[in-house]
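Undergrad: The listed protein sequences correspond, in order, to chains W and D.
Start counting the first sequence at 10; every next residue gets the next number (the working numbering).
Start counting the second sequence at 3; every next residue gets the next number (the working numbering).
Treat each hint with caution, since some may be false.
Covered stretches of chain D, going by a simulated chain W footprint (3 or more residues, C-beta under 8 angstroms) [said to hold, decoys possible]:
id	segment
1	132-144
2	260-273
3	299-311
Derived from the structure by calculation, the hints contain no laboratory data.
Note that the structure is a prediction, hence the values are computed from the model and not measured.
The C-beta atom is built at its ideal place from N, Cα and C for all residues, glycine as well.
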Amino acid sequence: MMKKVLAGALAAAMCIGMVTPAFADDLQIAFSQIGQESDWRTANTDSINGTIEAHEGWTLVYDDAQQKQENQIKALRNFITQGVDYILFTGVVSTGWEEVLAEVNEAEIPLILIDRLPDCIDDIDYVAAFGGDFVEEGRRQVAWAGEYLKSVGRGDEEVNVVIMEGTTGASAQTGRTEGNLAALEEYPNMKLVGQQTGNFTRAEGQAVMESWLKSIDDIDVLIAQNDDMALGAIDAIKAAGKVPGEDIIIVGCDSVKAAFEAIVAGEMNATIECTPLYGPFVEKTIEALENGEEMNKEIVHPEEGVYDMDGGIDLGTVVSVAAKDVIDERIY
Amino acid sequence: MKTKKFNWSQITRSKITWAIVAEILILLVCFIIRPDFFSISIQPSTGVLYGSLIDIVNRSAEITIIAMGMTLVIALGGTDLSVGALVAVSGAMALKLMRWDVLEYNTPGDYTVYPFFLVLLLPLVTCTLMGLFNGLLIAKGGMQPFIATLILMVSGRGIAQILTNGKQFTTMYSPFRMIGQGNLGPIPMPIVIMVVICILMGIFVRKTAFGTFVESVGVNRSASRLSGISSDKVILIVYALTGLLAGIAGLIYSSRIMSNDSNNAGINYEMDAILAVVIGGTAMTGGKFSLVGTFVGSLIIRTIVTFVYYFGIVSEATMAFKALIIAVVIVLQSEPVREYFAKRSEARAARKSA
Numbered sequence: 010m011m012k013k014v015l016a017g018a019l020a021a022a023m024c025i026g027m028v029t030p031a032f033a034d035d036l037q038i039a040f041s042q043i044g045q046e047s048d049w050r051t052a053n054t055d056s057i058n059g060t061i062e063a064h065e066g067w068t069l070v071y072d073d074a075q076q077k078q079e080n081q082i083k084a085l086r087n088f089i090t091q092g093v094d095y096i097l098f099t100g101v102v103s104t105g106w107e108e109v110l111a112e113v114n115e116a117e118i119p120l121i122l123i124d125r126l127p128d129c130i131d132d133i134d135y136v137a138a139f140g141g142d143f144v145e146e147g148r149r150q151v152a153w154a155g156e157y158l159k160s161v162g163r164g165d166e167e168v169n170v171v172i173m174e175g176t177t178g179a180s181a182q183t184g185r186t187e188g189n190l191a192a193l194e195e196y197p198n199m200k201l202v203g204q205q206t207g208n209f210t211r212a213e214g215q216a217v218m219e220s221w222l223k224s225i226d227d228i229d230v231l232i233a234q235n236d237d238m239a240l241g242a243i244d245a246i247k248a249a250g251k252v253p254g255e256d257i258i259i260v261g262c263d264s265v266k267a268a269f270e271a272i273v274a275g276e277m278n279a280t281i282e283c284t285p286l287y288g289p290f291v292e293k294t295i296e297a298l299e300n301g302e303e304m305n306k307e308i309v310h311p312e313e314g315v316y317d318m319d320g321g322i323d324l325g326t327v328v329s330v331a332a333k334d335v336i337d338e339r340i341y
Numbered sequence: 003m004k005t006k007k008f009n010w011s012q013i014t015r016s017k018i019t020w021a022i023v024a025e026i027l028i029l030l031v032c033f034i035i036r037p038d039f040f041s042i043s044i045q046p047s048t049g050v051l052y053g054s055l056i057d058i059v060n061r062s063a064e065i066t067i068i069a070m071g072m073t074l075v076i077a078l079g080g081t082d083l084s085v086g087a088l089v090a091v092s093g094a095m096a097l098k099l100m101r102w103d104v105l106e107y108n109t110p111g112d113y114t115v116y117p118f119f120l121v122l123l124l125p126l127v128t129c130t131l132m133g134l135f136n137g138l139l140i141a142k143g144g145m146q147p148f149i150a151t152l153i154l155m156v157s158g159r160g161i162a163q164i165l166t167n168g169k170q171f172t173t174m175y176s177p178f179r180m181i182g183q184g185n186l187g188p189i190p191m192p193i194v195i196m197v198v199i200c201i202l203m204g205i206f207v208r209k210t211a212f213g214t215f216v217e218s219v220g221v222n223r224s225a226s227r228l229s230g231i232s233s234d235k236v237i238l239i240v241y242a243l244t245g246l247l248a249g250i251a252g253l254i255y256s257s258r259i260m261s262n263d264s265n266n267a268g269i270n271y272e273m274d275a276i277l278a279v280v281i282g283g284t285a286m287t288g289g290k291f292s293l294v295g296t297f298v299g300s301l302i303i304r305t306i307v308t309f310v311y312y313f314g315i316v317s318e319a320t321m322a323f324k325a326l327i328i329a330v331v332i333v334l335q336s337e338p339v340r341e342y343f344a345k346r347s348e349a350r351a352a353r354k355s356a
């Protein structure tokens, strides 16, 4: 009996030890992350956690929800019980957050929304919101291809475009598709001949491209809504005896290091950045709030670049940069 | 004159017949919409067979290989939910061994840190042991297969993540590329591996008594034990074998993309494999099984996927479309439908002889 009690007490002590921050007078910043899903997510976690941990007087209370909404809800309630000073939140899905976020509001803990914003954003109180502009990313993908074709004298040539979409219903897929389709209107020479989901994965990107190469004659441009699918498609294009990057122009999205390597190797043409490095924004925001500044409620978008083989393609809002010049700085 | 009677009613009663009919029907629809769906050529630059039909067989390899094991698992009256996770474990392990030196995202190259045989052997041994673990929980621990294999289904993917620190490693090691993207003569390597495994499995279950043991244990475990079959041993072998096959599928999957993708590798493979087995005519209740049927079932699943890609079914409708076709196939195989056709052919035969 005694042993059991002791073991229980020990276990409880260990649990408390894991969640209780080191110093009570530190600013406690809690972060409810979706969980590990991709290199992008890992870089995102590293950036935010690294920034908070490195900041003097700040303590990180981190929760990895392993891609489950119920875990995130549990984490948010734990944060409230612990009485943290700030909550950083990105939701694994976009709906079902009304109740728990209302509880956060009731507890009067400042809420900072990042990355995937909840649908109920208009009904809850938050101090700042920061996330990628998926529609603009989608627009840039097509605009890059259109402007590049102009730059090589193919601006009037009719070209066949295929769009490889992300996981159906994901905010990145709906946003980028909207941007892709809107931008295609601007370039009448670009004709949409195929549209299919590759679920954001390399394996499916490969399989979809493999079928397209047989069912669609003469694909000129591949718009892949993330780099992984583009990288998968490159293998399928090679297997069909075509030269990726030359016979088929490939534009990816995210700007992960593997895509830069493919661009430098001449097998991919461009990638539109979707940065995971949120640390600096989080730091700036919390410092401003601590100084009593009122934040703008508008959603802030990160500054993002466009990377390609030679650089210098003007997309109106941004001019592309050569991937080989920045590949060494890329850490994810 | 007495000839060997061609028994229609027996054929129409068989589930495999209907699986084959379904596959032919889907292909026929493809042919009507676009005859060039059937075109097969030799890709001049690589010397490999090239065509949508080849893609179907090639990309069905992972599910077919796993489903061979799943057939025996289901014949035992069980299920193995962990196979998808084992695919991820196998890939993560192979990539980890090749890229042991991966200091935070360095550039991949045509090399491996550990010898190639270890890159192949360790993931397969690990997956076999994990399958054995499933078997032990079921045979010795008396757990329900659904619950026992759920453990590794949930934790397996986590193990894969830990192995690679939650990251996606990439390699360019050419011998490894051979597994998923190479070829033997004009035939893509995954097809070669799949065919060899199917043949070996066929010999194992039909040329030895093992298949009969599996069916016997699946029908009645205690009766089998009383008649001298070591039920526990049969269960252990079947689950370990399924683990091994999942490991092989994992190597093919990761070789196709030259990377581990612990989040997506083998996702829903357990469901596809179970579906392939069921379409192939093996009942979930255990007992009689058919490896040939499973092979056809797996082909049907991949044909549907290829159909969706080839004919550009809109992304939003893809899932519903797949579900619709599978529902039709399952209904075609249902008892009343088969009975109906069997009765008709019996009646026809009776009319003829009268």
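Undergrad: The structure should be examined with respect to each hint, and the outcome stated for every one.
TA: Do the hints match the structure? See the list:
Taking a C-beta to C-beta cut-off of 8 angstroms, the segment 132-144 of chain D contributes 0 residues in contact with chain W, too few for the three needed, and the coverage statement is violated. Remark: the segment 260-273 of chain D is confirmed as covered by chain W, as 6 of its residues place a Cβ nearer than 8 angstroms to a Cβ of that chain, reaching the required three. Remark: the segment 299-311 of chain D is confirmed as covered by chain W, as 4 of its residues place a Cβ nearer than 8 angstroms to a Cβ of that chain, reaching the required three.
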